[in-house]
Amino acid sequence: MPDSSTLERSRPMHSGSDLLRFWQPVMQQALFRSLLTAFSYPGQSVWLADADSAVAILATLVDAETTLSDPYQLLSDLTRTRLNAPLTDPERAGYVIARGDLDPGFSPRLGTLESPEAGATVVVIVDSLVDGEGEGQCWRLSGPGIEQSRKISVGGLDASWLSARNEWCSGFPLGVDLILTDQHRCLALPRTTVIDDTGAN
Amino acid sequence: MNHSYELPVDEVSYNFAFLDEFAKREIRRSILKAISIPGYQTPYASREMPMGRGFGTGGLQLTLSLLGAGDTLKVIDQGADDSVNAVNLRQFVELTCPGTSTTERAAEANIIQSRHRIPEDRLTANQILVLQVPTPDPLAIVEPSEARRKIMHGESDYASLLTKLYEDIVQFDEIAISNRYPTRLNGHYVIDSSPIPRFDVPKMHQSAALILLGAGRERKVYAVPPFTDAVPLAFEDVAFRTEAFLDHQGTRRHCDRCDSSTSYLDEIMHPDGSHHWQCSDTGYCNDRCARRDSAGSGAVRS
Amino acid sequence: MGYVAIKGGGKAIAGAHTAVESLRTAEGDAGASLPLASIEHQLRLLTSRVLSEGGLYHPRLAALAIKQMQGDTLEASFALRAYRSTRPRLMETPVQSTTDMRLIRRISSAFKDIPGGQMLGPTMDYALRLLRLDLVDESPESFRKVSRQFIRDIADSDLPDSFPKVVNALREEGLLPPQPDRPDIPFDITREPLVFPVPRSAALATLARAETGSLLALAYSNVRGYGNVHPTIAELRVGYVPVMLPHPLTGEPTEAGEVLMTECEVVATQESDETDAPPVFSLGYGACFGHNEVKAIAMAILDRALQKGMQHGPESPSEDPEFVLLHVDGVDSMGFANHYKMPHYVTFQSEVDRLRTTQEKDAAHTPAQGVES
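Chains as they are written, first to last, in this note's numbering: chain L, 1 to 201; chain E, 1 to 302; chain P, 1 to 373.
Isolated chain L (complex conformation):
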């Protein structure tokens, strides 16, 4: 987990112009297809970028027609300018970027019965994502997109996230869709995924 408050500032070698590549149409299409795989097969981690995968995710999904919340000030001013999304608090935003090592501490939008798609997408920064058993929280997943079940391990995620997420997603079709990402990869946990805690390693 980056200790600096700004995600990008922690690695000064990645200049702003380097991040601009995420907005190139060819890159946008490739990133989207990775996200599409992640959402189609929850828990399966997909490669996104050499670094700054959270910026890559937001660049693919967010623009002036969405709302964004960055309660931990993880994004640089330049990235915010490029995303061009109105900033709001995490209770009202369509897209939220959050630190996984801290208690979520907010209640995202869950949508309504008529419009469940208004439930937020929350991008959570973690340390590591492992298919199968590994460091950190170890979960068994089932539900749409998963043949039988799948085990994953997430490092650098505060234990309170699981109960908070399960609470948010307890009233389908209302809910929140999570994207967990380390620096390079991401996996998706749409609201339909059933998560069983198999204990921490």
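Read the hints as simulated data drawn from the structure, not as lab findings.
Don't take every hint at face value.
[Stated by the list, open to error] When the alpha-carbon atoms are kept at most 30 Å apart in a straight line, the in silico BS3-like pairs for lysine-lysine are as follows:
| no. | chain 1 | residue 1 | chain 2 | residue 2 |
| --- | --- | --- | --- | --- |
| 1 | P | Lys67 | P | Lys11 |
| 2 | E | Lys164 | P | Lys361 |
| 3 | P | Lys341 | P | Lys11 |
| 4 | P | Lys67 | P | Lys341 |
| 5 | P | Lys67 | P | Lys145 |
| 6 | E | Lys164 | P | Lys341 |
[Stated by the list, open to error] Incomplete in silico selection of chain E near chain L, CB under 8 Å:
| no. | residue |
| --- | --- |
| 7 | Arg25 |
| 8 | Ile35 |
| 9 | Pro38 |
| 10 | Gly68 |
| 11 | Pro225 |
Every residue, glycine too, gets a C-beta built ideally from N, C-alpha and C.
Since chain L is already given, all that's left is putting chains E and P on it; use the hints.
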């Protein structure tokens, strides 16, 4: 007004995949929400495409927002690659998406856009099926107001739809819905299965491939995620039945070309009044014919 | 015996294109390609219609679309819309003021005299609908003479100017409710799908792009009896509205160009609101790109009808927002009607299967008929 005004050429040139990047991003966001809420008709701001509303613009917008270099696309209409509408859509993609390729073989395609059919051969996890949908809401036959339908869907309240099916049974001793059979996903939303025949509905159940359904005119996208339960609505005593293709003796008809007796068949009327039967999925049929011909067994009928 | 090979779709499409082009050029050696400027000016009302239904203000491209689609307004509007899908949005205008419109025509049927005066302008309302045979063989000389004569005779004082709006006078007198201090952020129908209930701005935007004939039919149904709007035209104006954009450097509003528009405001019978507020007239608003008075009037009537339906529940089809807004778009409705021409072999086969099954069951259940003696 200025009479000497000339149209600059770049005013009538087009982007990769036709749509502008903002339009693609919005469709992409909607697709991810549609996958997250299986069967929910996610609204999106459908753009006008250069072919008619109703000719597959919903499916096409999904395909265009997916496609990138290295993708191989198959386009079928009524199961056929060479149906006029399939040709039209495929040519449009070839024109606007340089770097992608097209194929007529389902196994070679990683994206398949289809109208009215799901290919005979089982799709894999490396493939995405995009279906074109004219009328996405199965509740429209019992409730004209979309505002009320949205609440019914949210509450998974399909009592009025089941009543309609029941009335069919009373009247016809059979569920009279022929295609676009209402199908429940993951135990909650009931979808209009696009106008695929009942024959293809079971292929959606626990499909390894993602299935995306796009309705351009009605501005909706919905999804059957991979490995998701897709169960056609039915009653305990009146089962869901697929098209049987039985002749008068009750034997399963077979394709006159490739001899398949498990595929969905087109009925073809000849000028002499005789009826013949042939696979609707031409790619599947051609593959079988080619395999048989290369094996040297069986005469080619023509 | 031959089998139907479903091949040749590509060839058939190419053949169809050739056939369409051959009809466009059917005059043969006697013909010449229509210049876009001629379409834009001589068929200005057709161009207007396509501009507004296409939802893109580009008269030259509208003329191109009319030429390419051989005069089909639905298809030409459609081509403009499709072109619009490819253009990124670089900037959004703030709310524009039609008070600044440079008028070429404005009338009020509510007042004999209005500030600025009635101005008949270019209208065929009072022309006899007698075919003008002098246009059959109009020579280039006489054509140009008309134009030259007009420019020579026109006085500076006749040049288009802007006038105050009639409804503002009505507002000042308290006959119309005051305008809200801060207008709502307009709903963008090109970016957001209509999910009902929708705000009035969504309805207005949908009506502004709607097909003229569809609007007219629904508005006519309302005033004929399936509804109760009794409209009086407070003001109908046609003219050029300056489009103001913030200057990229200074942010100051700067005129970027102008668009020809038709605007209509109808005043209708007062609402019998149960609140204690004093009774006032209510306003129906219509506006569209280009010169299209029937569309602006029909839109104003429907806006008024829909406001009633939104507030008190619809009592007639033209007061039902879902009914009106989901059925007036020409591109949508034309597409759906046309799609029935596409092959439906698979679904039809499925229907035949259902019919045969129910017929067989029916035959099994029905006792054999007695033989007639």
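Against the structure, the hints come out as follows:
At roughly 25 Å between alpha-carbon atoms, Lys67/P and Lys11/P fall within 30 Å of each other, so this suggested pair holds. For the hint pairing Lys164/E with Lys361/P, the CA-to-CA distance comes to about 20 Å; that is within 30 Å, so the pair holds. Our distance criterion of 30 Å between C-alpha atoms is met by Lys341/P and Lys11/P, whose separation comes to about 18 Å. This hinted pair checks out: Lys67/P and Lys341/P have alpha carbons roughly 24 Å apart, not beyond 30 Å.
Proximity of Lys67/P to Lys145/P is assessed by CA-CA distance (about 26 Å); at most 30 Å being required, the pair is judged to hold. In summary, the hint linking Lys164/E to Lys341/P is supported, as the alpha carbons are separated by about 29 Å, within the 30 Å threshold. Checking Arg25/E against chain L: minimum C-beta separation of about 6 Å stays under 8 Å; hint holds. Residue-level restraint check for Ile35/E holds (minimum Cβ-Cβ distance to chain L is 5 Å; threshold 8 Å).
Because the closest C-beta pair between Pro38/E and chain L is about 5 Å apart, less than 8 Å, the hint holds. For Gly68/E, the suggested interface contact is upheld, since its CB lies about 4 Å from the closest CB of chain L, less than 8 Å. The closest approach between the C-beta of Pro225/E and any C-beta of chain L is roughly 4 Å, which is under the 8 Å cut-off, so the hint is satisfied.
In terms of the numbered hints stated before, the structure departs from none.
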